[in-house]
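Asker: The whole structure should be built from the sequences, with the hints applied where relevant.
Spelled out from the first residue to the last, the chains are:
There are 2 protein chains.
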Amino acid sequence: MSQQCGNSRIAGCSFSVHPMSDEFVEHIKGSLKETDTSNVWIDTDEVTTTVRGEIEHVFDVTRAVYLQIARSGVHVAFNATYSIGCPGDSEGDQYTGDIGDPANGLRDVKQNTNAKFSLYPMGGGDYMDVIYREIDRMKEKGIEVSAAHYATKLSGDVNAMFEGLEDVFCETEKSGSSHTVMTVTMSANSPSEKGKRS
Amino acid sequence: MSQQCGNSRIAGCSFSVHPMSDEFVEHIKGSLKETDTSNVWIDTDEVTTTVRGEIEHVFDVTRAVYLQIARSGVHVAFNATYSIGCPGDSEGDQYTGDIGDPANGLRDVKQNTNAKFSLYPMGGGDYMDVIYREIDRMKEKGIEVSAAHYATKLSGDVNAMFEGLEDVFCETEKSGSSHTVMTVTMSANSPSEKGKRS
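Residue numbers (this note's numbering), protein chains in the order written: chain A, 61 to 258; chain B, 61 to 258.
Warning: the hint list may mix true and false statements.
Copies of one chain are not kept apart here, so a pair can be met inside one copy or by any two copies together.
Here are the simulated DSSO-like cross-link-like pairs (lysine-lysine), alpha carbons at most 27 Å apart as the crow flies [stated by the list, open to error]:
hint, residue 1, residue 2
1, K89, K199
2, K89, K213
3, K201, K93
4, K234, K199
5, K234, K170
6, K93, K199
7, K93, K234
8, K93, K213
9, K170, K89
10, K213, K199
11, K170, K213
12, K89, K234
13, K201, K234
14, K201, K89
If you are wondering where the hints come from, they were derived from the structure by calculation, not from laboratory data.
Quantities reported herein were computed from a predicted structural model and do not represent experimental measurements.
Answerer: In structure tokens, the structure reads:
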């Protein structure tokens, strides 16, 4: 579980949320305002928002930003690249204050979501068994898992899904991969859920 | 250049477009209708659209879907994972008809866009010099290039940018990387262009 995953290396995530609504600015600003980001370094530019800090805080903040918008009922997409151990990464731009527990709650909010994720362990390690085990654990949490081109497809509750994604990221890191990247694409409240989009 | 990049291996892209408008369905359906996808295998599910085929057609189709929406003036985001040579990839789901030249034109449409891309050459190869050379070529085409956490940031004309991205993907493949993944996030017509989003 995430609480056992700590190490001193800085993790991070470059992500974006896309509310498909004329009120997208209000949704994004409202979500960022409601989300407690005090435990991460955070910066938003023209393309993405980047958060950096301990793994559990990086996942907590990205989950909360997405969930704040999704629970409003608007159709929203979420795209994220989680990374740890990139050889070209700087030691700068990291949070240096007091680190507490993940602060964003919302764990009881039920929200169905569809997702695809891909894991790129680029620094060695013995990770295949780890990945299969963690995917099995996602199934035990009620997440539907299926294969897709270039990704693994997930469907189920958003909190269970983020927990599973954090675990597979952590456990891959612990398996010895010195540089791990995980990309995640999510969609909630799509009018075409359970069907084709086009 | 892309025309010299052919090999027999199937490439593909899992991507999504997110028009931030109440009319997102019309934008997406209209774009897919206007785009010539006859040279690729294509499938849309709840999360992404996947196209598979020759590299130049994969880039042509994804560029056109994004550009069709962007040129309407709506704020739109594009997220894509381009992949070739994944060891777990199937030989199935590929286009088997006559392959012609990229069919989607729109090369003269001017559209400014901001982007971040990351390249993951996971199958060896001597690619670092290749990547630096191709990034220099993007600069020569008028694309602004800067560093960001977990990605390289690009800003400029969307057609020049897609050409540059296709070239860097192709040249990395040609450098000997047996499995190459490139992720791309783009944004056009953002109300916060040249500024902060939040």
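Asker: Compare the structure with each hint and give your call.
Answerer: Verification of the supplied hints:
1. Neither within a single protomer nor between protomers do K89 and K199 lie at most 27 Å apart by alpha-carbon distance, with minima of 34 Å and 33 Å respectively.
2. Taking identical chains as interchangeable, the C-alpha atoms of K89 and K213 lie at most 27 Å apart only when they sit on different chains, with a minimum of 23 Å there against 29 Å within one chain.
3. Taking CA atoms no more than 27 Å apart as the test, K201 paired with K93 passes in neither setting, with 30 Å inside one copy and 39 Å between copies.
4. In this homomeric assembly, K234 and K199 come within 27 Å of each other (Cα to Cα) only inside a single copy, at 21 Å, whereas the closest approach across copies is 39 Å.
5. In this homomeric assembly, K234 and K170 never come within 27 Å of each other (Cα to Cα): the closest approach is 30 Å inside a single copy and 47 Å across copies.
6. For a Cα distance limit of 27 Å, the shortest separation of K93 from K199 qualifies neither inside one copy, at 33 Å, nor across copies, at 37 Å.
7. Taking identical chains as interchangeable, the C-alpha atoms of K93 and K234 are never at most 27 Å apart, the minima being 33 Å within one chain and 46 Å between chains.
8. For the identical chains of this complex, K93 and K213 are inter-copy neighbours only, at 26 Å across copies versus 30 Å inside a copy, given an alpha-carbon limit of 27 Å.
9. Only within a single protomer do K170 and K89 lie at most 27 Å apart by alpha-carbon distance; the minimum there is 22 Å, versus 30 Å between protomers.
10. With identical chains, the CA atoms of K213 and K199 are at most 27 Å apart within one copy only, with a shortest distance of 12 Å there and 37 Å across copies.
11. Taking the closest pair of Cα atoms, K170 and K213 come within 27 Å of each other only inside a single copy of the chain (19 Å); across copies the shortest separation is 35 Å, beyond that limit.
12. For the identical chains of this complex, K89 and K234 are neighbours neither inside a copy (35 Å) nor across copies (43 Å), given an alpha-carbon limit of 27 Å.
13. In this assembly of identical chains, K201 and K234 lie within 27 Å of each other by CA distance solely inside one copy; the values are 22 Å within and 42 Å between copies.
14. Within a single copy, K201 and K89 get their C-alpha atoms no closer than 32 Å, and across copies no closer than 35 Å, so neither meets the 27 Å cut-off.
The structure shown violates the earlier hints numbered 1, 3, 5, 6, 7, 12 and 14.
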